[in-house]
Amino acid sequence: MASVALSEAEKVYIVHGVQEDLRVDGRGCDDYRCVEVETDVVSNTSGSARVKLGHTDILVGVKAEMGTPKLEKPNEGYLEFFVDCSASAAPEFEGRGGDDLGTEIANTLYRIFNNKSSIDLKSLCISPREHCWVLYVDVLLLECGGNLFDAISIAVKAALFNTSASALGAPGTETSRGADHSRTPRGRTLAARSRAETPLLWTSACVGTGSRTESEDLAEARGKALALLPEPELAGPPLPSWPHPTLE
Amino acid sequence: MALEMRLPVARKPLSESLGRESKKHLVVPGDTITTDTGFMRGHGTYMGEEKLIASVAGSVERVNKLICVKALKTRYNGEVGDIVVGRITERRRSAEDELAMRGFLQEGDLISAEVQAVFSDGAVSLHTRSLKYGKLGQGVLVQVSPSLVKRQKTHFHDLPCGASVILGNNGFIWVYPTPEHKDDDAGGFIANLEPVSLADREVISRLRNCIVSLATQRMMLYDTSILYCYEASLPHQIKDILKPEIMEEIVMETRQRLLEQEG
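Protein chains in written order, with full-length UniProt numbering: chain A, 1 to 248; chain B, 1 to 263.
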């Protein structure tokens, strides 16, 4: 995210605006920009989603593959996150410039999904100590327009929802390998659960004496963003009905 | 906390909804404009292989025997006499500079100035020799494409809705509260840091959103278009103006009014 130099007068104007609950584009301190969500956009993944929040554009793909459970958690599957800040998102991401930000975002995602109540990892287990589902979540930053954490968390949630039951071993699909993996009702359990319990991130920046959520670039340069991890029961605002994934 | 989520919708192109009969002749670099050699070449064209070829992406304009291509998106090219709004990014670090300028202008400050001269490599030299130019105080900056700012006699406008704008030819548009007294203008070097009233803020935010809507819909920006857009947006809440469907509605209404005014 580019840091924008502002004049003193502009900073004063913004700070006073936050105190009066009227930001530069007319939003209140708690208002979000319009979000566009689309699922099932990438055909060769198990689930995918694309989220547009103002000028921020995020693409997430989830691939479900068979793996061995980790030694310390033999009854659970797990998630792996990779965040790629594409060079077209911002000029400073050219070459290896986006790696630091990508690692930071990936670590945040690991932290929030490390929670037992975020996602039921036991449902990803196929046979203890031997086989489990591993969900590789790839996040691609197409355009950077501020408020990355929130947009990415919405996209990851939508993509996990979209990870359809067929990809996780519903009868008769070619993703099921080995003995007895074709019949697992757990795939469907995962989809149902991820809808309700996957957490969302809500970023708030401190500006002057007030605070504001959902800032564009200009203001993030001014304040420090705090990522708040909501309790699973209060996971984000009540969700609208998600678009139903089309199973082909 | 209001959070609105929606599904992406393909929007139909605006020209269809307007029912325009005369289609613009759009070209991309390399397109042949005409094979008739009787025309004079204007900006954005070159002669190659006995035909006139476009060198920029834009619409073809013909005035009698002169053909030129008006580019849709350009980098700003300075011309003498242009008004520009700019931000100081770097400054000369010398002893005289420290003594003279440091007190007045810092890195990050916004200024308005007039173009004095253009060098051959495209760099411009600016002057702020009148009190109406100088450091800008509190307000909002909107960046649009330079090709959308219409060339007019004056670029400083005090709009009747309660705020003022400076339409920089370089695409930087400055929206600020109208100063109380006529003598301390937007210029000078001492910035006024007193809080701006809520009513003024609302006008400024609304104007800012209107300018962004006009720029998104590729409308020319000048005082009349901005004012009409402001008036068309009054029934809506300020933050709703940036929603795609409301933006289209407002800009359509503005376009209608502008056409009526001309015709």
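Some clues are possibly wrong.
[Said to hold, decoys possible] Mimicking BS3-like on lysine-lysine, the simulated pairs with C-alpha atoms at most 30 Å apart in a straight line are:
hint	chain 1	residue 1	chain 2	residue 2
1	B	Lys153	B	Lys65
2	A	Lys11	B	Lys243
3	B	Lys24	B	Lys70
4	B	Lys24	A	Lys11
5	B	Lys150	B	Lys24
6	B	Lys243	B	Lys24
The hints are simulated quantities; they were obtained by calculation from the structure and are not laboratory data.
To test your reading of the hints: which numbers does this structure violate? Violated: hint 4 alone.
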